[in-house]
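Spelled out, the chains give:
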Amino acid sequence: MIEEIGTTEAGELVINMGPQHPSTHGVLHLIITISGETIKKVEPHLGYIHRSIEKMCESLSYRQFIYVTSRMDYLSSHINNHGCALCVEKGMQIEVPPRAQVIRVLMDELTRLASHQLWWGAMAMDVGALTPFFHAFREREAINDIMEETCGARLTMNYMVPGGVMADLHPRFAERVKEFMRFFRSKMDEYDELVTNNVIFKSRMQGVGYLSRENAISYGCTGPTGRASGVSCDMRKIAPYEVYGRLAFNEILQTEGDCYARYLVRMAEMRQSLSIIDQLIDNIPEGDFQAKTKAVLKLPKGEFYSRVETARGEFGVYIISEGGTTPYRIKFRSPGFSNLSALDHMARGHKIGDLVAIMGTLDLVIPDIDR
Amino acid sequence: MSPEALRERLSNLTFEQGTEWPTATVTALDWRALAEEVRHTDGLEFDYLFCVTGVDWKTHFTVVYHLTSTAHRHILVVKVSADRSEPVVPTVSDIWRTAEFHEREVYDLFGIVFRGHPDLRRLFMTDDWNGWPLRKDYEDPVNMIKL
Numbered sequence: 005m006i007e008e009i010g011t012t013e014a015g016e017l018v019i020n021m022g023p024q025h026p027s028t029h030g031v032l033h034l035i036i037t038i039s040g041e042t043i044k045k046v047e048p049h050l051g052y053i054h055r056s057i058e059k060m061c062e063s064l065s066y067r068q069f070i071y072v073t074s075r076m077d078y079l080s081s082h083i084n085n086h087g088c089a090l091c092v093e094k095g096m097q098i099e100v101p102p103r104a105q106v107i108r109v110l111m112d113e114l115t116r117l118a119s120h121q122l123w124w125g126a127m128a129m130d131v132g133a134l135t136p137f138f139h140a141f142r143e144r145e146a147i148n149d150i151m152e153e154t155c156g157a158r159l160t161m162n163y164m165v166p167g168g169v170m171a172d173l174h175p176r177f178a179e180r181v182k183e184f185m186r187f188f189r190s191k192m193d194e195y196d197e198l199v200t201n202n203v204i205f206k207s208r209m210q211g212v213g214y215l216s217r218e219n220a221i222s223y224g225c226t227g228p229t230g231r232a233s234g235v236s237c238d239m240r241k242i243a244p245y246e247v248y249g250r251l252a253f254n255e256i257l258q259t260e261g262d263c264y265a266r267y268l269v270r271m272a273e274m275r276q277s278l279s280i281i282d283q284l285i286d287n288i289p290e291g292d293f294q295a296k297t298k299a300v301l302k303l304p305k306g307e308f309y310s311r312v313e314t315a316r317g318e319f320g321v322y323i324i325s326e327g328g329t330t331p332y333r334i335k336f337r338s339p340g341f342s343n344l345s346a347l348d349h350m351a352r353g354h355k356i357g358d359l360v361a362i363m364g365t366l367d368l369v370i371p372d373i374d375r
Numbered sequence: 276m277s278p279e280a281l282r283e284r285l286s287n288l289t290f291e292q293g294t295e296w297p298t299a300t301v302t303a304l305d306w307r308a309l310a311e312e313v314r315h316t317d318g319l320e321f322d323y324l325f326c327v328t329g330v331d332w333k334t335h336f337t338v339v340y341h342l343t344s345t346a347h348r349h350i351l352v353v354k355v356s357a358d359r360s361e362p363v364v365p366t367v368s369d370i371w372r373t374a375e376f377h378e379r380e381v382y383d384l385f386g387i388v389f390r391g392h393p394d395l396r397r398l399f400m401t402d403d404w405n406g407w408p409l410r411k412d413y414e415d416p417v418n419m420i421k422l
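For the protein sequence lines, the chains are A and B, in the order given. The numbering of the first sequence is the working numbering, which starts it at 5 and goes up by one. The numbering of the second sequence is the working numbering, which starts it at 276 and goes up by one.
There's no promise every hint is true.
[Stated by the list, open to error] When the alpha-carbon atoms are kept at most 30 Å apart in a straight line, the in silico BS3-like pairs for lysine-lysine are as follows:
1) K206(A) <-> K355(A)
2) K411(B) <-> K298(A)
3) K241(A) <-> K94(A)
4) K296(A) <-> K241(A)
5) K191(A) <-> K206(A)
6) K296(A) <-> K333(B)
7) K182(A) <-> K411(B)
8) K296(A) <-> K44(A)
9) K94(A) <-> K355(A)
10) K302(A) <-> K59(A)
11) K302(A) <-> K411(B)
12) K94(A) <-> K411(B)
13) K44(A) <-> K206(A)
14) K411(B) <-> K305(A)
15) K354(B) <-> K94(A)
16) K241(A) <-> K354(B)
17) K94(A) <-> K302(A)
18) K411(B) <-> K59(A)
[To be verified] Not everything, but these chain A residues come out facing chain B in the computed CB check (under 7 Å):
19) L50
20) I53
21) H54
22) R55
23) S56
24) S222
25) G224
26) G320
27) Y322
28) R337
Derived from the structure by calculation, the hints contain no laboratory data. None of the values given here were measured: they were computed from a predicted structure. Cβ coordinates follow ideal geometry from the N, Cα and C atoms, glycine included.
Put together the whole structure using the sequences plus the hints.
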């Protein structure tokens, strides 16, 4: 790889960005061809944190493999676990009790909030504003505390199991969530004051990293990245799972397709998540938190696919079963992988500083891409 | 389009029984023509390829393509079979741009060659890696369990 670095015949310069670079948020390695400061080509080199999770899962049972998926998109670990649990339940035809369904959706939305908070702070830091990072982490801390109380962990929760959730909610859960919601609602307005309407921030974001609707679909961009280009791709709306079909919330769409549109989509999604939590927090049904399942799960021969909406986009779990206690093949469709593939297309013609802004609004989590 | 209507519309394909979505197997020779057809025909318009999976069946490989349409919301699963000794499948990266990365991943982990791919190189593994990790007969030279 070292040989590639240097000046090309056309007088363009080929340089490394990463794998250790503050704005790549992990070990992403980009090889950038520049002419002056204008980007001609961006080529991602992946695999620095590739653990071959798909291969590992082939020797793990249907209860065990879920825990590994927390380590993919660690900011959406609940939702990854959720997707896997749904896929196993589809194969086993397990009916999830209503209480577990509501708990799962609540946890998903809290995770989405925490993930977007971290994105907001980190993205603002990438483009040069350090203060939002501390604001975001202060608020995120409150969610982590709530998670810790109920799930026993703050990042890789492993709370969703086939048939429901691992343990019942902590008695103080609802009260603490409500307290957090009151606190966070006032902070959302502060976020807007601090960053959203900031003139310097807007000029860094508007018109940068344009992605058309056609290209967003063709590149398979989902989540806020796709929706900022006007692609309706919210799995919670298209193929509702658990109780999402019965909830009132909007799919946020923008048509500009630039960095600022992606920013606005995520900000609006946070408010939608707050509204979903509002609808559910006082209506958690009584009953079991887990369906009765056998200790050793055996999926019938066949193929099962589940699609869920993580904070980054569509996450897919594809299990091919030969009837045993371990999967024959598991494929994880990670949203970050497809979103990253559009980076070269979006960055061409922009400056290096803009590349950082584009990566910031793509919200990349590298273990999710490398798996 | 409902799954039944989709099966009828594409009646020249043989569909599997008992699957969640219409699932058809085609040979590598027929795949390009089918891909063009389902992408561009009015009423089908499968414009979004959301998953590409390689599977090693020990006797042969299959590459599974999950397709959907953002306009009609129907889903089609196409399995393309490839020879075990010399696996070659035509690329669809010019039809769906997302396939460029996904096909590189399948090549990297299974060694399935996608004919016509603009940039078919290792993606996760290093360039000098030997073997194809997700094949069933792959033996890791540093196997932590067997050490």
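Which of the listed hints are broken here? Of the numbered hints, 6, 7, 8, 9, 20, 22 do not hold.
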